[in-house]
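2 protein chains.
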Amino acid sequence: MQRYFSEEKINNQLVLNEDDIYHIKTVMRMKDNDEIIVVYKKIAYLCCLENVKENIKINIKKELEKVNYNTPIVNLIIPILKEQKMDLILQKATELGISSITPIITNRSIIKLKPSDYDKKMTRWKKIVKEASEQSHRIDIPDILDIKEIKDLDKIDGNKYVCSTREKSKNIKLVMKNVEICDRINVVIGPEGGLTEKEEEMLNKQGFLSITLGNRILRVETVPLFILSVINYEFME
Amino acid sequence: MQRYFSEEKINNQLVLNEDDIYHIKTVMRMKDNDEIIVVYKKIAYLCCLENVKENIKINIKKELEKVNYNTPIVNLIIPILKEQKMDLILQKATELGISSITPIITNRSIIKLKPSDYDKKMTRWKKIVKEASEQSHRIDIPDILDIKEIKDLDKIDGNKYVCSTREKSKNIKLVMKNVEICDRINVVIGPEGGLTEKEEEMLNKQGFLSITLGNRILRVETVPLFILSVINYEFME
Numbered sequence: 001m002q003r004y005f006s007e008e009k010i011n012n013q014l015v016l017n018e019d020d021i022y023h024i025k026t027v028m029r030m031k032d033n034d035e036i037i038v039v040y041k042k043i044a045y046l047c048c049l050e051n052v053k054e055n056i057k058i059n060i061k062k063e064l065e066k067v068n069y070n071t072p073i074v075n076l077i078i079p080i081l082k083e084q085k086m087d088l089i090l091q092k093a094t095e096l097g098i099s100s101i102t103p104i105i106t107n108r109s110i111i112k113l114k115p116s117d118y119d120k121k122m123t124r125w126k127k128i129v130k131e132a133s134e135q136s137h138r139i140d141i142p143d144i145l146d147i148k149e150i151k152d153l154d155k156i157d158g159n160k161y162v163c164s165t166r167e168k169s170k171n172i173k174l175v176m177k178n179v180e181i182c183d184r185i186n187v188v189i190g191p192e193g194g195l196t197e198k199e200e201e202m203l204n205k206q207g208f209l210s211i212t213l214g215n216r217i218l219r220v221e222t223v224p225l226f227i228l229s230v231i232n233y234e235f236m237e
Numbered sequence: 238m239q240r241y242f243s244e245e246k247i248n249n250q251l252v253l254n255e256d257d258i259y260h261i262k263t264v265m266r267m268k269d270n271d272e273i274i275v276v277y278k279k280i281a282y283l284c285c286l287e288n289v290k291e292n293i294k295i296n297i298k299k300e301l302e303k304v305n306y307n308t309p310i311v312n313l314i315i316p317i318l319k320e321q322k323m324d325l326i327l328q329k330a331t332e333l334g335i336s337s338i339t340p341i342i343t344n345r346s347i348i349k350l351k352p353s354d355y356d357k358k359m360t361r362w363k364k365i366v367k368e369a370s371e372q373s374h375r376i377d378i379p380d381i382l383d384i385k386e387i388k389d390l391d392k393i394d395g396n397k398y399v400c401s402t403r404e405k406s407k408n409i410k411l412v413m414k415n416v417e418i419c420d421r422i423n424v425v426i427g428p429e430g431g432l433t434e435k436e437e438e439m440l441n442k443q444g445f446l447s448i449t450l451g452n453r454i455l456r457v458e459t460v461p462l463f464i465l466s467v468i469n470y471e472f473m474e
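Quick note, the sequences are listed as chains A and B, same order. Note that this note's numbering has the first sequence beginning at 1, numbered continuously upward. Note that this note's numbering has the second sequence beginning at 238, numbered continuously upward.
The shape of chain A in the complex, shown without the other chains (with noise of 0.2 Å):
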C-alpha cells in the first residue's frame, strides 16, 4: 500500500503536503475510499481517501502496528559527492535504517558547493530521503543535518570512526564489538582520492578512530551501504 509522511493531524484527519496530494491524484489515479498508509510522528496510520477531486480528506481509520528495528543511531557524514552519487547514498542508506546524515566539506571533495547553494541542495536532499523513506516502509525519515567542515566535528556525540585506507589493523569487525544496541555511532566517509593526511589527523584528535572496512577497493558510494548492512547484521536477534 502506497506511503506518505505527514506533518500536520487535525482531528481524525491527516495533511498531505502538494506533491503527495499531485501524487494520490495524478501519478497514482486513486478514487474516493481507497486506503493508504499516512506516518505522523512516528506513528503509522491506515486511513481512507474521500473527495478525492475536489478538496481531498484522508480519514484515519486505525493506528498500525509498530516495528522496531534494533539498530544503533547512525550518523554519516560524507564529503558532498556528484548528485547521481549523493543520490544513491540517500536512497539507499535511508532503507538501510540511517538516522541523520552529516554532509561535509573536505579538500580533495570535486564538488564545492558555494554558501549561496546550500539551501537548494538541502531540499533536494530531503526529498530524496522522505521518498526513500516511504518506500522502505520507514516511520521516521533521516535528518539531513547542517553541512559542516572537518573542523567543526568536535562537538558530536557518541563512538566516532573514520574509515582510513592508511590503517590496516584496526577493521570494522574488531570495532563492532563493542558496539552496543544503545550506541550513537559516528562514521566519516572521504571523498574519491580519500581524506588527507592532515584531515585525518585532525578527526582523530577530535576522537575519531581511524579503521579500516577490508582490502577491497571500495567506491565511495558502496561504503556506506556495506557499513549499514554491517550494522544491521551485527544487531539482527
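Simulated from the structure, these hints should not be mistaken for lab results. All residues carry an ideal CB built from backbone N, CA and C; glycine is no exception. Among these hints, one or two may not hold up.
Simulated restraints, written as ranges between beta carbons of each label pair [what the hints assert, rightly or not]: (1) I217(A) to E417(B): 24 to 30 Å; (2) E438(B) to Y22(A): 39 to 45 Å; (3) N452(B) to K120(A): 34 to 40 Å.
Please build the complex by placing chain B on the supplied structure of chain A, with the hints as guidance.
The following block gives chain B in isolation, referenced to the frame of chain A:
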C-alpha cells in the same frame, strides 16, 4: 594507476582489445613510457607503453604482488531487472567480490527478454563486470553464467539459499555461522514483488534454504550489496 584485463600474452608483451586501446590513446591520452597495470590469468603485471601512436606495444616490466581476499565463492542468482538496476548490481557486486552471476527468468520479472536478445544482453553485462573489475583492482572478472529458469537450478553445487519474505526466523546471521571459507555459496534473490510461493517451494525442493535478511524493506538492487557486505565482514581477519 589505470588497469586493464588481457586475454593474450606473446613473449614479454600483453595484448589488449580495441576498446582498451581506444581508452589508452583517446580517453587517457597516454604517451610512450607511461605505465599501466595489466591483469592476465589472475596475475597483475606492471607494464610500460611503447609506440602508442602507431602500433602500440604493452611491455611487461614486472609481476606485481598478489592479493588474497579470503572469502568464499559466491554465485548470485538474480532475475533480469531493468537496465539501471541490473547495471548497479553488476558493478557493486563486482566491487564486493562476487565470483559469478546467474541471471534467471522468474514469473514476476518485469523484463521479459526474448531468447534472441540474450546474446546482446550478455555482451553488455560482461562489459560492465570487466570495467568494474578494472576499477576495483580485481585480478579476475566475475563470470556471467547462462540465463536459466528456476527449474534448471537443481544441478548447482554448494550451499544454496533463497532470500525470502515468507521466512521469519532463519536469518542470514544464523546461517553464516555454518559457512566455511572454502564453501561455494549460491543465493537466489527474487524480483520486485518477490518470488511466487510456487517458485520458492520449487527452490526449497532443489535444496535452497529460505532465509530472511531481517525486517527492513530492501529494494531488489540493495539485497546483493547487503549479502556481499555481510560475507566480506564475516570473513574479515
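Comparing the hints with the structure gives:
1. A C-beta distance of roughly 26 Å is found between I217(A) and E417(B), which places it inside the suggested range of 24 to 30 Å.
2. Taking the beta carbon of each, E438(B) and Y22(A) are about 42 Å apart, inside 39 to 45 Å as hinted.
3. A hinted range of 34 to 40 Å for the beta carbons of N452(B) and K120(A) is consistent with their spacing of about 35 Å.
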